[in-house]
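Undergrad: Spelled out from the first residue to the last, the chains are:
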Amino acid sequence: DTEVTQTPKHLVMGMTNKKSLKCEQHMGHRAMYWYKQKAKKPPELMFVYSYEKLSINESVPSRFSPECPNSSLLNLHLHALQPEDSALYLCASSQDEGREQYFGPGTRLTVT
Amino acid sequence: QKEVEQNSGPLSVPEGAIASLNCTYSDRGSQSFFWYRQYSGKSPELIMSIYSNGDKEDGRFTAQLNKASQYVSLLIRDSQPSDSATYLCAVNEGNTGKLIFGQGTTLQVKP
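Going down the list, the protein sequences come from chains W and H. Residue numbering for the first sequence follows the numbering used here, beginning at 1 and increasing consecutively. Residue numbering for the second sequence follows the numbering used here, beginning at 1 and increasing consecutively.
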């Protein structure tokens with residue numbers, strides 16, 4: 001089973017709202033990732049967690065705040081987003097950094 | 001700046017033909033190479049991973065890696081209309097979790 005789940009599927013939020021995206025995997029993977037993907041572009045890495053610790057932050061603005069409560073869960077907290085943050089947000093996991101990454105279905109975020 | 005380059009296409013092949021997708025990368029320290037398929041509006045789906053020089057076959061898919069030439073390719077045999085999608089080449093930066101993606105090649109398989 002290589003399933004990564006993400007909730008919600010769709011999210012519309014205003015620029016003053018606070019919301020969270022959730023990601024879960026039960027494959028025993030020790031690395032988890034957040035990506036952002038705009039239309040007709042490849043995914044862009046935002047954050048990497050390895051063994052529940054943040055190992056890579058790709059200079060993401062502080063209005064995006066990741067959290068890894070345990071080895072199966074990954075959250076992305078959103079606050080004061082801008083319309084240009086509208087995108088597909090993808091979560092992925094892998095056995096370890098450097099191994100195959102499996103993507104969840106994504107959350108399509110619209111900021112109004 | 002480490003880069004992964006792909007021809008954006010579209011690459012159009014008739015049903016039943018072999019589709020050949022190519023990718024070059026700049027980071028000589030890369031150890032892990034992947035091909036993802038992405039249908040419009042969906043998330044990327046891993047179809048092949050390759051870690052050592054040579055060929056790796058899985059069903060209708062064959063990945064080829066040449067580290068000396070910094071070149072990765074994907075062959076799809078007996079192409080089907082359902083293979084029509086964007087194919088993303090991805091390379092790990094060193095041995096980190098950072099995947100560098102190419103811009104993707106759009107494949108169209110015509111019945």
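Any given hint could turn out to be false.
In silico lysine-lysine, DSS-like type, Cα no more than 25 Å apart, as pairs [said to hold, decoys possible]:
id: 1; chain 1: W; residue 1: 19; chain 2: W; residue 2: 36
id: 2; chain 1: W; residue 1: 9; chain 2: W; residue 2: 36
id: 3; chain 1: W; residue 1: 9; chain 2: W; residue 2: 19
id: 4; chain 1: H; residue 1: 67; chain 2: H; residue 2: 110
id: 5; chain 1: W; residue 1: 41; chain 2: W; residue 2: 9
id: 6; chain 1: W; residue 1: 38; chain 2: H; residue 2: 98
id: 7; chain 1: W; residue 1: 40; chain 2: H; residue 2: 2
id: 8; chain 1: W; residue 1: 40; chain 2: H; residue 2: 56
id: 9; chain 1: H; residue 1: 67; chain 2: H; residue 2: 2
id: 10; chain 1: W; residue 1: 22; chain 2: W; residue 2: 36
id: 11; chain 1: W; residue 1: 9; chain 2: H; residue 2: 42
id: 12; chain 1: H; residue 1: 56; chain 2: H; residue 2: 98
id: 13; chain 1: H; residue 1: 98; chain 2: H; residue 2: 2
id: 14; chain 1: W; residue 1: 18; chain 2: H; residue 2: 110
id: 15; chain 1: W; residue 1: 38; chain 2: H; residue 2: 56
id: 16; chain 1: W; residue 1: 9; chain 2: W; residue 2: 40
id: 17; chain 1: H; residue 1: 67; chain 2: W; residue 2: 40
id: 18; chain 1: W; residue 1: 22; chain 2: W; residue 2: 53
id: 19; chain 1: W; residue 1: 40; chain 2: H; residue 2: 42
id: 20; chain 1: W; residue 1: 41; chain 2: H; residue 2: 110
id: 21; chain 1: W; residue 1: 38; chain 2: W; residue 2: 22
id: 22; chain 1: H; residue 1: 42; chain 2: W; residue 2: 36
id: 23; chain 1: H; residue 1: 56; chain 2: H; residue 2: 67
id: 24; chain 1: W; residue 1: 9; chain 2: W; residue 2: 38
id: 25; chain 1: H; residue 1: 98; chain 2: W; residue 2: 41
id: 26; chain 1: H; residue 1: 42; chain 2: W; residue 2: 22
id: 27; chain 1: W; residue 1: 9; chain 2: H; residue 2: 110
id: 28; chain 1: H; residue 1: 67; chain 2: W; residue 2: 38
id: 29; chain 1: W; residue 1: 19; chain 2: H; residue 2: 42
id: 30; chain 1: W; residue 1: 22; chain 2: H; residue 2: 98
id: 31; chain 1: H; residue 1: 98; chain 2: H; residue 2: 42
id: 32; chain 1: W; residue 1: 53; chain 2: H; residue 2: 56
id: 33; chain 1: W; residue 1: 36; chain 2: H; residue 2: 98
id: 34; chain 1: H; residue 1: 2; chain 2: W; residue 2: 36
id: 35; chain 1: H; residue 1: 67; chain 2: H; residue 2: 42
id: 36; chain 1: W; residue 1: 19; chain 2: W; residue 2: 53
None of these hints come from the bench; they were simulated from the model.
Undergrad: Each hint needs a verdict: does it hold in this structure or not?
TA: Hint check results:
1. Of the supplied pair hints, the one linking residue 19 of chain W and residue 36 of chain W holds, its CA atoms being roughly 16 Å apart against a limit of 25 Å.
2. The suggested pairing of residue 9 of chain W with residue 36 of chain W holds, with an alpha-carbon distance near 14 Å, which does not exceed 25 Å.
3. Restraint check for residue 9 of chain W and residue 19 of chain W: the C-alpha separation of about 13 Å stays at or below 25 Å, so the hint holds.
4. At most 25 Å may separate the alpha-carbon atoms for a hinted pair to count; residue 67 of chain H and residue 110 of chain H exceed this at roughly 33 Å.
5. Of the supplied pair hints, the one linking residue 41 of chain W and residue 9 of chain W holds, its CA atoms being roughly 20 Å apart against a limit of 25 Å.
6. Pair hint residue 38 of chain W plus residue 98 of chain H holds up; C-alpha atoms about 18 Å apart against a cutoff of 25 Å.
7. For a cut-off of 25 Å, the pair hint linking residue 40 of chain W to residue 2 of chain H stands: about 20 Å separates their Cα positions.
8. Pair hint residue 40 of chain W plus residue 56 of chain H does not hold up; C-alpha atoms about 29 Å apart against a cutoff of 25 Å.
9. Our distance criterion of 25 Å between C-alpha atoms is met by residue 67 of chain H and residue 2 of chain H, whose separation comes to about 15 Å.
10. Straight-line distance between C-alpha atoms of residue 22 of chain W and residue 36 of chain W comes to about 14 Å, which keeps the hinted pair within the 25 Å bound.
11. Annotation: proposed proximity of residue 9 of chain W to residue 42 of chain H holds, straight-line Cα distance about 11 Å (limit 25 Å).
12. Distance hint between residue 56 of chain H and residue 98 of chain H is fulfilled; the C-alpha atoms sit about 23 Å from each other, no more than 25 Å.
13. With a C-alpha separation of about 11 Å, the suggested pairing of residue 98 of chain H with residue 2 of chain H holds against the 25 Å cut-off.
14. Among the hinted pairs, residue 18 of chain W with residue 110 of chain H is inconsistent with the structure: their alpha-carbon atoms are about 46 Å apart, more than 25 Å.
15. At roughly 31 Å between alpha-carbon atoms, residue 38 of chain W and residue 56 of chain H are farther apart than 25 Å, so this suggested pair is violated.
16. The suggested pairing of residue 9 of chain W with residue 40 of chain W holds, with an alpha-carbon distance near 19 Å, which does not exceed 25 Å.
17. Distance hint between residue 67 of chain H and residue 40 of chain W is unfulfilled; the C-alpha atoms sit about 28 Å from each other, more than 25 Å.
18. At most 25 Å may separate the alpha-carbon atoms for a hinted pair to count; residue 22 of chain W and residue 53 of chain W meet this at roughly 17 Å.
19. A hinted pair counts as satisfied when its Cα atoms are at most 25 Å apart, and residue 40 of chain W with residue 42 of chain H qualifies at roughly 12 Å.
20. Taking the CA atoms of residue 41 of chain W and residue 110 of chain H, the gap is about 24 Å. The hint holds against a cut of 25 Å.
21. Distance hint between residue 38 of chain W and residue 22 of chain W is fulfilled; the C-alpha atoms sit about 19 Å from each other, no more than 25 Å.
22. Simply put, residue 42 of chain H and residue 36 of chain W have alpha-carbon atoms about 13 Å apart, close enough for the 25 Å limit, and the pair holds.
23. Using a Cα cut-off of 25 Å, the hinted pair residue 56 of chain H and residue 67 of chain H holds, with the two alpha carbons roughly 14 Å apart.
24. Using a Cα cut-off of 25 Å, the hinted pair residue 9 of chain W and residue 38 of chain W holds, with the two alpha carbons roughly 16 Å apart.
25. With a C-alpha separation of about 17 Å, the suggested pair residue 98 of chain H and residue 41 of chain W falls inside the 25 Å cut-off, and the hint holds.
26. For the hint linking residue 42 of chain H to residue 22 of chain W, the alpha-carbon distance of about 18 Å falls within 25 Å, and the restraint holds.
27. This hinted pair does not check out: residue 9 of chain W and residue 110 of chain H have alpha carbons roughly 32 Å apart, beyond 25 Å.
28. Taking the CA atoms of residue 67 of chain H and residue 38 of chain W, the gap is about 30 Å. The hint is violated against a cut of 25 Å.
29. For the suggested pair residue 19 of chain W and residue 42 of chain H, the alpha carbons sit about 22 Å apart, so the restraint of at most 25 Å is met.
30. For a cut-off of 25 Å, the pair hint linking residue 22 of chain W to residue 98 of chain H stands: about 21 Å separates their Cα positions.
31. Proposed proximity of residue 98 of chain H and residue 42 of chain H is supported: the alpha carbons are some 21 Å apart, at most 25 Å.
32. This hinted pair does not check out: residue 53 of chain W and residue 56 of chain H have alpha carbons roughly 33 Å apart, beyond 25 Å.
33. Taking the CA atoms of residue 36 of chain W and residue 98 of chain H, the gap is near 13 Å; set against the 25 Å cutoff, the hint holds.
34. Only pairs whose Cα atoms come within 25 Å are accepted, and residue 2 of chain H paired with residue 36 of chain W is accepted, the gap being roughly 19 Å.
35. For the proposed pair residue 67 of chain H and residue 42 of chain H, the alpha carbon gap of about 31 Å is over 25 Å, so the pair is violated.
36. This hinted pair checks out: residue 19 of chain W and residue 53 of chain W have alpha carbons roughly 22 Å apart, not beyond 25 Å.
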